[in-house]
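Participant: Here the protein sequences line up with chains A and B, keeping their order. One gets our numbering by counting positions in the first sequence from 1 and adding 3 to each. One gets our numbering by counting positions in the second sequence from 1 and adding 3 to each.
Please note that the accuracy of each hint is not assured.
Copies of the same chain look alike in the list, so a pair counts if it works inside one copy or between any two.
[Said to hold, decoys possible] The calculated lysine-lysine pairs, modelled on BS3-like cross-linking and capped at a C-alpha distance of 27 angstroms, are: (1) 123 - 113; (2) 113 - 93; (3) 412 - 315; (4) 170 - 339; (5) 226 - 329.
Hints listed in this document are in silico derivations from the structure and should not be mistaken for laboratory results.
Residues per chain are reported as follows:
2 protein chains.
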Amino acid sequence: MALVVHKYGGTSMGSTDRIKNVARRVAKWHDAGYQIIVVPSAMSGETNRLIGMAREIMPQPDPRELDMLASTGEQVSVALLAMALHALGKEAVSYAGWQVAIRTDSAFTKARIQSIDDVKVTRDLDAGRIVIITGFQGVDGDGNIATLGRGGSDTSAVAIAVAMNAKECLIYTDVDGVYTTDPRVVSEARRLNTVTFEEMLEMASLGSKVLQIRSVEFAGNYKMPTRVLSSLTDPMIALEEETVSGTLISFEEDTNMEQAAITGIAFNRDEAKITVLGVPDRPGIAFQILGPVAEANIEVDMIIQNQSVDGKTDFTFTVPRGEYQKSMEVLTNSVKAHIGAASIAGDAKVSKVSVVGVGMRSHVGIASTMFRTLSEEGINILMISTSEIKISVLIDEKYMELAVRALHKAFDLENAD
Amino acid sequence: MALVVHKYGGTSMGSTDRIKNVARRVAKWHDAGYQIIVVPSAMSGETNRLIGMAREIMPQPDPRELDMLASTGEQVSVALLAMALHALGKEAVSYAGWQVAIRTDSAFTKARIQSIDDVKVTRDLDAGRIVIITGFQGVDGDGNIATLGRGGSDTSAVAIAVAMNAKECLIYTDVDGVYTTDPRVVSEARRLNTVTFEEMLEMASLGSKVLQIRSVEFAGNYKMPTRVLSSLTDPMIALEEETVSGTLISFEEDTNMEQAAITGIAFNRDEAKITVLGVPDRPGIAFQILGPVAEANIEVDMIIQNQSVDGKTDFTFTVPRGEYQKSMEVLTNSVKAHIGAASIAGDAKVSKVSVVGVGMRSHVGIASTMFRTLSEEGINILMISTSEIKISVLIDEKYMELAVRALHKAFDLENAD
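Bound conformation, chain A alone (with noise of 0.2 angstroms):
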């Protein structure tokens, strides 16, 4: 007998009248003689509700208290899904992280997990039950709650999948799969009926945010099949047609390299660029400059570093556009004169678009498919940056949207697969 893993997302789980919808789904799995493990998120808005509370009673609660507060919100879910799947007249049984026990570290509101442990969650499957388990959620070895995070309930699924051997991990959420690129954006973007966990982590970072990036990487490191799929659909269509549906997220290089050479193009609207000009070029520059920023908990994307002219250099990172104020108030008071620059520059409209695809690795030409296509369109690119399986540019915000339809056009992602 199978065993595959579900999770669903808050809005899957937004009213009693979707948890109904979410059991008959599960109820439709068991029928069909898979053992299921159902991963929940917090029905939305809730975990918003709890954190509102908080931050009424004090502007930075501490991390264990919020803890303790957040973690109500899927054990709501567990119990609810659980009765749900009772009215259906299934055997289920929820339990929080704790019960099961998942083990986390203590890295309050953003912990990492450690160890599953199979006992409880094996005796209930072999009995024929459905286990609905927490996400989000763990203790740590002093028996405190621990959550992994916004977004950490599919971080659980994938991990609870690894640890209780699963066929498959399916992600039932919102949206039914991984596309080409934004449909908003491009209209003939396709959805993907495979990616690599590679690409997968490529077009998360770059902003096609369908899964937690540290779910990916969970299921990367441990090869777990993962399949990011739509809840919205009828749960009563056919058993083997959801089966297929939506992205998954493969492990098989070889099947891809013989695909087109990019899989998608991901993009970040919201960047912005700051340049330290004039800084002597030495050894540790780079840390002098980036340790103040990295102190602040300001996150650093893509990092340039020119050749140096006459013992100078000028030093370009990006920032999420949110930081863009902070960060300068660093360079400006903590940074700059302490290194000797000239001056700081800065630009806060820029955005950044991606090309991204393990065929990459063995098809040349993909770059200069990409600058000739910008070039084209008139778009001067302000930074490069490159990996393995993705090249990435910062341009003016103002193009992006032109951007993205031209590489989509140009690497024809409208009819390949």
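Let chain A serve as the given structure and place chain B on it in line with the hints.
Facilitator: Same frame as chain A, but now just chain B:
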């Protein structure tokens, strides 16, 4: 350093502002040198909201899952209260029942506490921390969450006070103590400074529902001094005032026996009376009548069987008014023909009035004063039932307020103490 347990009801915890108020009160006690454990209820309305969702899913949800669901209400409360204490600069830590652990049996939705581990709590108190523990819930031997039923947080507080050997358990609620009777019925009703445990049991079970009855039993069994007082007064009143306010449930019978014979007048408006007429007077007949009633989960209160005449007797008992119809159906369908009764008669518009007091044991004439008073008011007594410290009468509901006021005056309750 004296240890006290504070329990706060749902109204006291009803909003983030009220939670801040609770925190100020707790901080005041801590500043005065007390060690404190706080046991808060769920925010008012929260338990009903959760149970309401469960009922939307199915009418009779599984008790284990109901407990998974309902227990989240108190978990939210403890986390928010810990934050509110942090905001006042206090070290505080919250625990769910399973974290302490508070061990219960597996009677979901009506579990009983079996033991409480003091290790974590002692360590925290010794370190100067305020400890906050969820009321209403514990964990069974298999790691399932089990709740103690409505009002169970009172029981949790007293049980924790017992386990931790506290000096006193303070139950903060929306009334400022136990009164000689309901002040809404008798404006001269007077707050009692002390009541004995037995009196409190009778007062609580007879409708003066200030404390959950099981918590009173618990306090009685372990002789835990328990004080009922108001959380609605300004938390900034002098601490000395607070330590002697409210009503203390005491275990010093002698003190009270010197006082008035009667401590208070309890009443229950919503009673119904059922009489099975012409019952053959043979062994086992009471069980044959009440067995089916108990099986239908109907609680029976007063029971009277008259002297038999010609081998026939009348059997009368009372039930909560809401169970009247169901009781009549059970008797008519399952009992009447089976035992060969002549007929079933009922009256759903009766009320019970009781005089309560440990002093009754050593005073004669309480019953005669009671019956004479009611007679002078022209109130007919339908049933009488007595225990060591109370006399209850059943009367027509339209006379209830009149009876309570007349008895309150006859026993001089507005002046005594």
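Participant: How would you classify residue 113 and residue 93 at a CA-CA limit of 27 angstroms: within, between, both, or neither?
Facilitator: between (34 angstroms within a copy, 25 angstroms between copies)
Participant: Checking an output row: residue 412 and residue 315, CA cutoff 27 angstroms. Within, between, both or neither?
Facilitator: The answer is neither: 41 angstroms in one copy and 98 angstroms across copies each exceed 27 angstroms.
Participant: 27 angstroms Cα cut-off: does residue 226 pair with residue 329 within a copy, between copies, both or neither?
Facilitator: neither (39 angstroms within a copy, 60 angstroms between copies)
Participant: Can you give me the call for residue 123 and residue 113, within, between, both or neither, at a CA distance of at most 27 angstroms?
Facilitator: both (26 angstroms within a copy, 24 angstroms between copies)
Participant: At 27 angstroms max between alpha carbons, let me know whether residue 170 reaches residue 339 within a copy, between copies, both or neither.
Facilitator: For residue 170 and residue 339, the Cα distance exceeds 27 angstroms both inside one copy (54 angstroms) and across copies (61 angstroms).
When held up to the earlier numbered hints, the structure conflicts with 3, 4, 5 and fits the remainder.
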